[in-house]
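S.K.: Next come the chains, spelled out residue by residue.
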Amino acid sequence: MIAELGLVALWLAAALAGLQFLGGWLGARSDNAELAALVRPAAVLQAGLCAFSFACLVYLFVVTDLSVALVANNSHSMKPMIFKIAGAWSNHEGSMLLWVSVMAVAGGLIALVERRLPESTMLATLAAQAFVGLGFYAFMLISSNPFARLLQPPADGNGLNPLLQDVAAAYHPTTLYVGYVGLSVAFSFAVGALLTRQVTPEFARVMRPWVLGAWIFLTVGITAGSYWAYYELGWGGWWFWDPVENASLMPWLAATALLHSASVLAARDALRAWTIMLGVVAFSMSMIGTFLVRSGILTSVHAFAVDPERGSFILILLALYIGGALVVFAMRASTVSEGERFSPMSREGALVVNNVALSAILAIVLLGTLYPLLTEAFGVRVSVGPPYFNPVSAIFFLPMLLVMAVGPLLNWRKDQFARVRLPVIVISVAGIGVLLGAWLLSDMGLLPLLGLALSIAVGVGSFLPMRGRSLRRLPLPVWGMCIAHFGIAVGVFGMAADSAFQQERLVAVAVGGETSVGPWRARLNAVEPIAGPNWTAMQADMEVSHDGGAWRTANPQQRNFWQPPQETSEVALITRWNGQLYVAVGTETEDGRWQLRLWWKPFVTWIWYGGLLIALGGALALVGRVSVDLRRRSAARQIAARKAEVTA
Amino acid sequence: MNRLRWFLWGAVAVASALFALFAYQLSQPKQEFVQSAMVGKPMPAFSLPPASSSRPGLSAADLADGTPRLLNVWGSWCVPCAAEAPQLDALERSGANIVAIAIRDRPENVDRFLEVYGNPFTRIGRDDISEVQLSLGSSGVPETFVIDGTGRITYQHIGDIRPEQVPKILEELRKAGA
Chain B
48 MIAELGLVAL
58 WLAAALAGLQ
68 FLGGWLGARS
78 DNAELAALVR
88 PAAVLQAGLC
98 AFSFACLVYL
108 FVVTDLSVAL
118 VANNSHSMKP
128 MIFKIAGAWS
138 NHEGSMLLWV
148 SVMAVAGGLI
158 ALVERRLPES
168 TMLATLAAQA
178 FVGLGFYAFM
188 LISSNPFARL
198 LQPPADGNGL
208 NPLLQDVAAA
218 YHPTTLYVGY
228 VGLSVAFSFA
238 VGALLTRQVT
248 PEFARVMRPW
258 VLGAWIFLTV
268 GITAGSYWAY
278 YELGWGGWWF
288 WDPVENASLM
298 PWLAATALLH
308 SASVLAARDA
318 LRAWTIMLGV
328 VAFSMSMIGT
338 FLVRSGILTS
348 VHAFAVDPER
358 GSFILILLAL
368 YIGGALVVFA
378 MRASTVSEGE
388 RFSPMSREGA
398 LVVNNVALSA
408 ILAIVLLGTL
418 YPLLTEAFGV
428 RVSVGPPYFN
438 PVSAIFFLPM
448 LLVMAVGPLL
458 NWRKDQFARV
468 RLPVIVISVA
478 GIGVLLGAWL
488 LSDMGLLPLL
498 GLALSIAVGV
508 GSFLPMRGRS
518 LRRLPLPVWG
528 MCIAHFGIAV
538 GVFGMAADSA
548 FQQERLVAVA
558 VGGETSVGPW
568 RARLNAVEPI
578 AGPNWTAMQA
588 DMEVSHDGGA
598 WRTANPQQRN
608 FWQPPQETSE
618 VALITRWNGQ
628 LYVAVGTETE
638 DGRWQLRLWW
648 KPFVTWIWYG
658 GLLIALGGAL
668 ALVGRVSVDL
678 RRRSAARQIA
688 ARKAEVTA
Chain F
310 MNRLRWFLWG
320 AVAVASALFA
330 LFAYQLSQPK
340 QEFVQSAMVG
350 KPMPAFSLPP
360 ASSSRPGLSA
370 ADLADGTPRL
380 LNVWGSWCVP
390 CAAEAPQLDA
400 LERSGANIVA
410 IAIRDRPENV
420 DRFLEVYGNP
430 FTRIGRDDIS
440 EVQLSLGSSG
450 VPETFVIDGT
460 GRITYQHIGD
470 IRPEQVPKIL
480 EELRKAGA
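Chains B and F are the protein sequences, given in the same order.
In terms of the working numbering, the first sequence has 610 at position 563, counting the first letter as 1, and numbering is strictly consecutive.
In terms of the working numbering, the second sequence has 326 at position 17, counting the first letter as 1, and numbering is strictly consecutive.
Looking at chain F on its own, in the form it has when it is part of the complex:
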């Protein structure tokens, strides 16, 4: 009978530990976004054809030429991408060099989008099967990465860039150049 008692107090202890774990996890702020595991690591090797007639395509080598850049992952079919277009323009006017990857897009749609919302990009690569997007650890559009001059990812912004977030992005870009 003693064994049963030990077993039961053991069960009480296990249950208490479980409840403590639950309580701890409940008290933690819930992280809504999954950050890319690639932050802090060099860009994977890739080479994408141009997505628009107006700009060249994009390869990993273009990102390792000494200039820190913003890499915008977007699509002409994506409504939040249109919403963040003014902020990208503002970033460009502040001196940011912005390149882009168009996800699952068509050149004519890309051109129409750039005509309407402006074109802050120096290069636009075309990723028809989200291959490069996935290798970056990006799970949706729009996302914006900060790449330092050696081709290392230093920062990831998930979702559209709001006006109040522009200074933060510029600060991250400045840090990447330092």
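Isolated chain B (complex conformation):
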């Protein structure tokens, strides 16, 4: 019953999306007020129905209704509750339903609250959002119905990839997904503004909070995903340049560039065409990422169910939306005029450098990700890894950091170097001091060395825009910018410190034996079997001590899931403010010793603290922008009320 309700709601939502598209399209072209009046209610209702349908699916997973094929294939009655819920969207059909739900809810929210743009632009935007949504509705309802029933329900379900039975796996794909799909809003706004020839600063101001919201989710999702890979895969690395990771990084790079170019458009009415382009590119990267992951044309450690038919479907949508948007843009190019001019030595100038660097890194990552696909078409198998990605992206990343330290201090339009001489000297002294110190005192590699120095320079520089201003009256978006930039500095510091100073030890230790890594000593007291709800494990009972301090317990495990059978490594992490001890236990050797792998990773946690600070900065900026908008609205209402009084 619940499954059928969910399916009905989904069909109704799809029909409303059709109405929203037609009404918006025709309403924006002609002045058909009756059609136009349907669009916003249709969008809101579509959002409600879609959210209801998604709730139905989650319910089916919660009660483990095995007569539903999706539940039978992806869940199990013995799975802990939180993973049952997460199981609802950790599969192809469920994730597609989440996709349309996020799109519909975003469209519904826009329809509900956004009134600043000309109505025709809003109609075109909502039509574009519905048009994109329709493709995914069709995909789901034709070939991937999440509510399909089984004639013969099995005795129990087929489980879930045990690697995904982890709290981070429950929220990291979800946040990433909300970010991916949230960028559809940027796409729709860009298309709407293009179709109605309204690429204005107001358009940038309206689009910015939505992009910011999606970007915050992407930032949190990538950070969480990186941490998940770090402790769950048991290799001690935090970024592997795996195609699926790149698929999440590319939309983030585009969205970051878009946020900065939208700032220029909002404040100075420049970079019009470029902002539109980034709006299209950002969502294109989300879709290309989804395509690469789902179609299985690239080999990745992320085990997704792969199906060429799904790949073809997404490819058709990709060509339709991205190709369509680019063609519309090319045909409308003459109507997007150039906008205001500015001098290179200005805030805009620095932001253009940021945009060029981010776009270049995006191109580098895209090329590296697709290169194996390209060469394979000519019969050559290659794999592209860190030796390409790290140094090549650093060529643009490191100079970008330099500009990031100084750029926020510059005035809009035109500035003199003399005005910022003192802060530039402070930043340079900090950076060069660390560079020389680290170079003399350690034998770091070139990239970590530059990263370390620049992170200090950026860290110092990120708070300089606050200099000489009242902190209480400083606008929230400025706070947000400072904190986000500081977060970049913190993250880069963590990356540089981890790659330069980490120490590793791989040993076989007998029970009762001791080993050490860096400043840590570790004792192996026992190795015992233990059992969990759906796994058994060999657990090492260990004690570790930092620099002769108190002994703390560490319990790494080698875990065996039985449904489906799979072995995973559960590492033990001992966190200090200045780094993490990472302990993994392996198999028993012939003479009864146990393989242990220990890493001391100085400041590695700062990578993820940095990511969270970046997201926090974004959140502060978002709150600031939205509250300013709300205040402006209430002021406008008061003025209107007073006017009404006067005329009455």
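Derived by calculation from the structure, the hints in this document are not laboratory data.
There's no promise every hint is true.
[Claimed, not checked] Using C-beta positions, here's what the derived DEER-type ranges look like:
1) F/Gly468 with B/Val374: 43 to 49 Å
2) F/Trp318 with B/Ser489: 47 to 53 Å
3) B/Tyr435 with F/Glu424: 49 to 55 Å
[Stated by the list, open to error] Here are the simulated SDA-like cross-link-like pairs (lysine to any residue), alpha carbons at most 20 Å apart as the crow flies:
4) F/Lys350 with B/Arg428
5) F/Lys350 with B/Gly426
6) B/Lys461 with B/His307
7) B/Lys461 with B/Pro512
8) F/Lys477 with F/Gly349
9) F/Lys484 with F/Ala405
Every residue, glycine too, gets a C-beta built ideally from N, C-alpha and C.
Since the structure of chain B is already known, use the hints to place chain F on it.
M.R.: Below, chain F alone, put in the same frame as chain B:
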């Protein structure tokens, strides 16, 4: 403004090329197995101690004595290896000379396995750290290589040998001897 238009049509062209590449790759059959790059090349030099008390060890020189052979890469701990044991017996009865490399194994386990599932091997080398396995370009067990009389790898079979695949393996072995 003309430049922007050129740039945008350029972007359309790049996107189209990308979609064409995606479509082409989607239409290609997906290769599930990674074939060894060593096929067609001579065996790397190696010398392994015996893995079982019943058979001598294995070195590269043993494979270059003029007789074409099958080289089975396996482990007593590997379930598909047990499943393919009858097929290896069938190959041996058909006249194939089969040598083996036991991966990350213990002599007592190897002996027990051979007792239960039969011993079609003339030599069994012991590779405790997968060193020789990796140099062969083998990424798992079981895998079976055809080696011609000069010590050159002519064919690689990935996974367990199914009964219907036995004739194909014999054919490859015959070709290697010709």
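S.K.: So which hints don't hold here, by number, going up?
M.R.: none
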